[in-house]
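Number of protein chains: 4
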Amino acid sequence: MHVIADLSIIPIGVEASVSPYIAACERVIRDTNLKHRLHAHGTNVEGPWDEVVAVTKRCHEVLHEMGAPRVNTTLKLGTRTDREQTMDDRISKVEELLKQQ
Amino acid sequence: MHVIADLSIIPIGVEASVSPYIAACERVIRDTNLKHRLHAHGTNVEGPWDEVVAVTKRCHEVLHEMGAPRVNTTLKLGTRTDREQTMDDRISKVEELLKQQ
Amino acid sequence: MHVIADLSIIPIGVEASVSPYIAACERVIRDTNLKHRLHAHGTNVEGPWDEVVAVTKRCHEVLHEMGAPRVNTTLKLGTRTDREQTMDDRISKVEELLKQQ
Amino acid sequence: MHVIADLSIIPIGVEASVSPYIAACERVIRDTNLKHRLHAHGTNVEGPWDEVVAVTKRCHEVLHEMGAPRVNTTLKLGTRTDREQTMDDRISKVEELLKQQ
Numbered sequence: 001m002h003v004i005a006d007l008s009i010i011p012i013g014v015e016a017s018v019s020p021y022i023a024a025c026e027r028v029i030r031d032t033n034l035k036h037r038l039h040a041h042g043t044n045v046e047g048p049w050d051e052v053v054a055v056t057k058r059c060h061e062v063l064h065e066m067g068a069p070r071v072n073t074t075l076k077l078g079t080r081t082d083r084e085q086t087m088d089d090r091i092s093k094v095e096e097l098l099k100q101q
Numbered sequence: 001m002h003v004i005a006d007l008s009i010i011p012i013g014v015e016a017s018v019s020p021y022i023a024a025c026e027r028v029i030r031d032t033n034l035k036h037r038l039h040a041h042g043t044n045v046e047g048p049w050d051e052v053v054a055v056t057k058r059c060h061e062v063l064h065e066m067g068a069p070r071v072n073t074t075l076k077l078g079t080r081t082d083r084e085q086t087m088d089d090r091i092s093k094v095e096e097l098l099k100q101q
Numbered sequence: 001m002h003v004i005a006d007l008s009i010i011p012i013g014v015e016a017s018v019s020p021y022i023a024a025c026e027r028v029i030r031d032t033n034l035k036h037r038l039h040a041h042g043t044n045v046e047g048p049w050d051e052v053v054a055v056t057k058r059c060h061e062v063l064h065e066m067g068a069p070r071v072n073t074t075l076k077l078g079t080r081t082d083r084e085q086t087m088d089d090r091i092s093k094v095e096e097l098l099k100q101q
Numbered sequence: 001m002h003v004i005a006d007l008s009i010i011p012i013g014v015e016a017s018v019s020p021y022i023a024a025c026e027r028v029i030r031d032t033n034l035k036h037r038l039h040a041h042g043t044n045v046e047g048p049w050d051e052v053v054a055v056t057k058r059c060h061e062v063l064h065e066m067g068a069p070r071v072n073t074t075l076k077l078g079t080r081t082d083r084e085q086t087m088d089d090r091i092s093k094v095e096e097l098l099k100q101q
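Residue numbers (the UniProt record's numbering), protein chains in the order written: chain A, 1 to 101; chain B, 1 to 101; chain C, 1 to 101; chain D, 1 to 101.
Worth flagging that the hints you see were computed from the coordinates, not collected in a lab. Be careful, since some hints might not be right.
Claimed, not checked - With a straight-line Cα cutoff of 27 Å, these simulated DSS-like cross-link-like pairs (lysine-lysine) come out:
no.	chain 1	residue 1	chain 2	residue 2
1	B	35	C	93
2	B	57	A	57
3	D	99	A	93
4	A	93	A	57
Just chain A, same shape as in the assembly (with noise of 0.2 Å):
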């Protein structure tokens, strides 16, 4: 199953800044073959089901190593079986029906 996800990672119980974490994060997800961009509330994330959940398990590992003692995730996932799509696809369809206007 092909999904298009959206992983938003905090870690609790830390510093104010947290861009080490996301840092530390955004990482694991580049040492994948999963597609990903980042955004200002976490990071667009396409692949296989298994490979995004194994990413988002091992963010949570790896933060709580850097010593977070709690760690929140908030993951969106968007699967769909009436045809084939990509992140890029959703994005340039809005901007598509947006310059028609």
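We have chain A already, so just place chains B, C and D on it with the hints.
For chains B, C and D alone, coordinates are given in the frame of chain A:
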């Protein structure tokens, strides 16, 4: 890794009354040994990480089999290493604090 | 516009035990006339849209006053125009379907 | 109160191709002065809290006017009082850390 999760699943491209789909996913959850509690915007699910994500995948499969062309889930995943905590602990701790004032 | 919402607030940059912050936001919610129900990953809140978002803003202000340098909320907002529905309706409809099989 | 938000809106009870609805909400966002960036699972929106939540409400109204009987939004709201930060700051800080290794 133990996780307190929240699974919120939505079929897209079907009728507005989505309760049969929610109930189908709820059955998948209840067929496991995971702790669970249905609320108005999803279901709290607690247990081993791998079982929680396996249940989520199974829900997507079941909803597609029911005819939903698209399925979107928002899965919240909370892990902690400082101490053990159940979903009941979380709620009762807040309720206690509320009584103190 | 009537909304069935779910408010999940997390203070960042504070200690790992966040229940005093959750309780403070819960007090803000309970000081209104909005229907509410605490669960292990947030609070279901139901009522007029403007009141629900006002409560969310007030929770952010209160948590910052308590010393949280950063506050993150995931707010789910569900509206419908086809018919009236309460958060209790949502749950009981799913529970009924589960009993039928 | 300044907020870095993420708005992810889904019409329920309509066809599986929801891009016209996403585009309609995107137009509402682009008609404001809020900073915004579309991604594959929503739109980052940044600016004053009240404007961000007003845009969200307007998107719900517009989607209902387009015929969606139900509309669900997941709105992430991030505020901080320790220092100013834009959504571009967030991304560039993580990108910098990734280059360092």
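Between residue 57/B and residue 57/A, is the straight-line Cα distance small enough, at 27 Å or below?
holds, 15 Å
Sort out whether residue 93/A lies within 27 Å of residue 99/D, counting only the CA atoms.
Distance of about 32 Å is beyond 27 Å: violated.
Sort out whether residue 57/A lies within 27 Å of residue 93/A, counting only the CA atoms.
Violated, at about 31 Å.
Going straight from one Cα to the other, do residue 35/B and residue 93/C come out at no more than 27 Å?
holds, 21 Å
Hint compliance for this structure: hints 3 and 4 are not met, and every other hint is.
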